[in-house]
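Protein sequence lines, in the order shown, are assigned to chains A and B.
Just so we're aligned: 121 in our numbering is position 121 of the first sequence, and the numbers increase by one with no gaps anywhere.
Just so we're aligned: 253 in our numbering is position 253 of the second sequence, and the numbers increase by one with no gaps anywhere.
Hints are computed from structural coordinates only; laboratory data are not their basis.
Some hints could be false.
Listed below are the simulated BS3-like cross-link pairs for lysine-lysine, each with C-alpha atoms no more than 30 Å apart in a straight line [stated by the list, open to error]:
| no. | chain 1 | residue 1 | chain 2 | residue 2 |
| --- | --- | --- | --- | --- |
| 1 | B | Lys413 | B | Lys20 |
| 2 | B | Lys149 | B | Lys159 |
| 3 | B | Lys205 | B | Lys407 |
| 4 | A | Lys5 | A | Lys23 |
| 5 | B | Lys353 | A | Lys51 |
| 6 | B | Lys353 | B | Lys280 |
| 7 | B | Lys280 | B | Lys262 |
| 8 | A | Lys51 | B | Lys280 |
| 9 | A | Lys51 | B | Lys262 |
One-letter residues, chain by chain:
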Amino acid sequence: MERDKHFILGIFDDEDILLNAVKEVRATGIRIHEVFSPYPVHGLDEELGYKRSSLPIAAFLFGVLGTTLALTMQFYMMKFDWPMIIGGKDHAAFPDFIPVTFELTVLLAAFGMVGVFMISSNLKPWGQPRIYDLRSTDDKHVMAIDIATNASVDLEKIKDALKTSGATEVNSKSFD
Amino acid sequence: MAQVKNYNLDQKFDFTDAVKKVIFILGGIGALLLVLGILAAALGGDHAEEGGHAFHWTQRLFANLWINNVYFTGIAIIGVFFFAIQYASQAGWSTALLRIMLSFGYWLPIAAVLMLVTFFIANHDLFHWTHSYVFDKTNAEYDRIIDGKGSFFYWPMEKGTFPIFYIVRMVLFFGFWVFFFNKLKSLSYEEDLQGGTSYWYTIRKWSAIFLVFFAVSSSISAWDWVMSIDTHWFSTLFGWYVFASWFVAGLSAITLVTVFLKDQGYLEMVNQNHIHDLGKFVFAFSIFWTYIWFSQFLLIYYANIPEESVYFIERLSSDVYGPYIFVNIGLNFVLPFLVLMTRDAKRHNIFLKLVCTLIILGHWIDFFLMVQPGTLGHNGGVGLMELGMLLVYGSAFAFVALSNLSKHNLIAKNHPMLEESYHHHI
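Extracted from the complex, chain B is given alone in its bound form (with noise of 0.2 Å):
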């Protein structure tokens, strides 16, 4: 007790050549192998379906790169949505931790004009409700089922024009969370340079503004953005589901960049203390996940009802997704539940580093589950462009995470809790 370490404050996190030839290398690798999987799946050439729907490898590449957009965009609001619970639950642990999780909010803007932009190219290859013929009494492919929720998208305007409430709602979200996130982060910055408790007590107010609107926005973009794809299905969850997994992958996302930093030799004051509390977190909502995802199957399956099970049924049935499913679970709840159950292996840097990466990787997985049999059917699969799109997608999102946490200080110096933080013990 009462020894007081000199830690360096001001230490910022110098973002080297050879972090960047990392990041790039791996990109490259990625941008390489989707130009592979691209190649190959437009010389595969198209082909007809028995339905009279020909499928086109665009649509894989659309698919895509919706699941990355909504999986980075989860990975950085969760970032944001770490420091605020950090600031209305009065932590005082993860104080040395607040910037890394702040970093990640630096994605946002980026992540909404990719999901803008995507949606506008690729509305009708990725949502069936996007199609005007769905409302249209008169034609043969109208659906009945789709007509009756079709207000939910197309609301104020008619039905099957511009789907003006769906995309006013994203545009809100991300709207909203954008400047959620410049508000704790300039609040977070300002602190460094004038000091005093003043600073804690607006972030505090802000970020508890901001976690009501991030629970209502959550949910709601989880059934944008991912259950409207198949729109005829509906589970009451949904929004905690895909909360869930986003959650496990950012926790385990900013697990690894404090390894990754403190393996660098940064935060010096992070002992293994914090990094068992991470690990913690981790492990508790890999189980959490779990338990949602469970609590969905078991639900529809025990039910039985058509209009539900067909969720399950169009993946475990499938050739293409039912071995994922499996992997799904292997990954995402044995892996961390019978690798970091143990205190000393939360405290290893090598168990989390391996968990931690295997959990993204898995999360990835759980949202590929979400999109591709809903957009691409039988046509779908882990290939050459899923790993290259998402190899890119990643390391485009370390780039932008990294390079803008070297641009402040690494720990937050003024903040009132530091000390909480040097003493921490469990």
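For reference, chain A alone in the conformation it holds in the complex (with noise of 0.2 Å):
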């Protein structure tokens, strides 16, 4: 059977539920695919065994990238392409870059944060989001188990240890 293509989910209500199903599901050696929830569920992210996102790397190699790109742009300015003397300071006085300066960091660092971040979780314009269950939109919680990745445990197996952890219902969804 194919990644990625067909999924078990595991629909519930309670978030504290839900909490304790994913330490008794990954408890039994069934690996989760991922968890939605309409809300943040503190303390979902520790019991999935996530790693912290490495997006705040990004954003500060885009903020270096910001100053950077500032500094080097206003020396080129001031100092080669088109000197001039404003306030009887140097072509090139430092403290009058610091703002433009700031605000390049700031805007590639935040501009850089969003734009990985959208790609990151195919949330690209030209991307086609996949929509697991609509209800973990409003209220509902879901967790979907790739059949794929779990071929050595049982397909009963899954949905018992659903069942059994609290889901309100148990659904299949194939994507193509």
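Bring the two chains, given one by one in their own frames, into a single complex with the hints.
Okay, structure coming up:
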């Protein structure tokens, strides 16, 4: 069976039950693909065993890029391209550059971070986001288990594990 | 979720002899350095200046007293201010740290006495406007600019006599600060005994009133105690600048005490999430301070009006103070910005200890740069006397705060938001 195509979904009503269920399902050796919830659930990342996002690193790198770009741009403009004397200061007067440098650092860090986030979460304009269960945008928590990654586990066993850990419904979902 | 832990809420901080010994040793080293510094300065002798004013070593002593008076008053009032902020903003995460903030306020009465006494002894050495001749039109030293500002110090009395308005403000500010501190502290301690949510509401009400008063008084005290040293000069955001410096130093001190108590095994309910939030505060307000500092600098630098730029020319072009401007920026901006940027650094005590200690030193340098150029000119600098005085004040402050911290519960055990603080998670 192909990976990332066919899923078993457990639907949960309550976040406490969900958190426990994540722990129990993982304890049985089943690997959880993803959990979708309408709002952030505290402690869910830890229970799922996710590593921390490396988004801050992207933000920092884009920030450094902004700083470099701003300083180079201003230095080139003010010193070489079109030197002007403003307020009797040197052509390349460093304190004048700081506000623009600050703004560009913040701008590029923010844009870079949003861009990286959107691409990495498949929210790009040309991407088609997958909806496992529409109710996960309203009042249900949805735990998705990829059948292919759990090929060694019996299908019924997965369904049972979800049921016993408190899922109100167990559905299957396939994407083409 | 819903794991109820049995924290020992009645725990008290035991101010052991070992801790006292460390504080006394630090204070002793400070006193020794101070005496050595005074001896060196006194034996170095007085020397005449080109202007005709003789420089005397006591001036340097008084300037030092003034730096530390203002600085440690700031750290003390920031403890009370941050406490009040927690209530006004209805914050729950900080519940376990409230008593640490409160303990700083015990320094306020001492600071008030020290400041008044220093002012009465050293007014002529610290503040040019205290000389009566600058208001005397017949005197060669008559100063039209100071004369124009004189009413701010002397009203309603005649300029050049007794600075009644200035003294009244100083007494009033300290009086109200101590009053509000006592109010908040006694309500908080009473809550320990009685319980219930009514105390929380009462404290919030008093906190809000205090914050309004503090907003005005912190700004005016900055003009009075610091900006009036350079009497001709003015900066409209100086109040914020001094407040920002106080706030970062105060937050660093709160963080250091928290980490110290954690290391000693107290504050079981404080976990890395609380420490992380304190680290964020130190990080964020270091940048806030930089923003204020740079705003003041950039406008003055760009406009280049002599009456404003003299402040920075006096500092940047001086052999004595020039390097410290860069030390100031390095310790108070570059260091916290780069070191505390990552999540991991804010969650590890060792980084916080290092950065907070250096920030406390850094903001002392900030106040050093505000006070000494205007009072001592090129006779100033960081020497034995400065280091000694800082250590003496620092250890006295630590002693007062910690000994009062040990008298009550470390945690406000009946605080209605205690449960929220247990589960604080970021």
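We went through each hint and held it up to the structure:
no.: 1; hint: Lys413(B) / Lys20(B); result: holds (26 Å)
no.: 2; hint: Lys149(B) / Lys159(B); result: holds (10 Å)
no.: 3; hint: Lys205(B) / Lys407(B); result: holds (26 Å)
no.: 4; hint: Lys5(A) / Lys23(A); result: holds (24 Å)
no.: 5; hint: Lys353(B) / Lys51(A); result: holds (27 Å)
no.: 6; hint: Lys353(B) / Lys280(B); result: holds (14 Å)
no.: 7; hint: Lys280(B) / Lys262(B); result: holds (18 Å)
no.: 8; hint: Lys51(A) / Lys280(B); result: holds (21 Å)
no.: 9; hint: Lys51(A) / Lys262(B); result: holds (27 Å)
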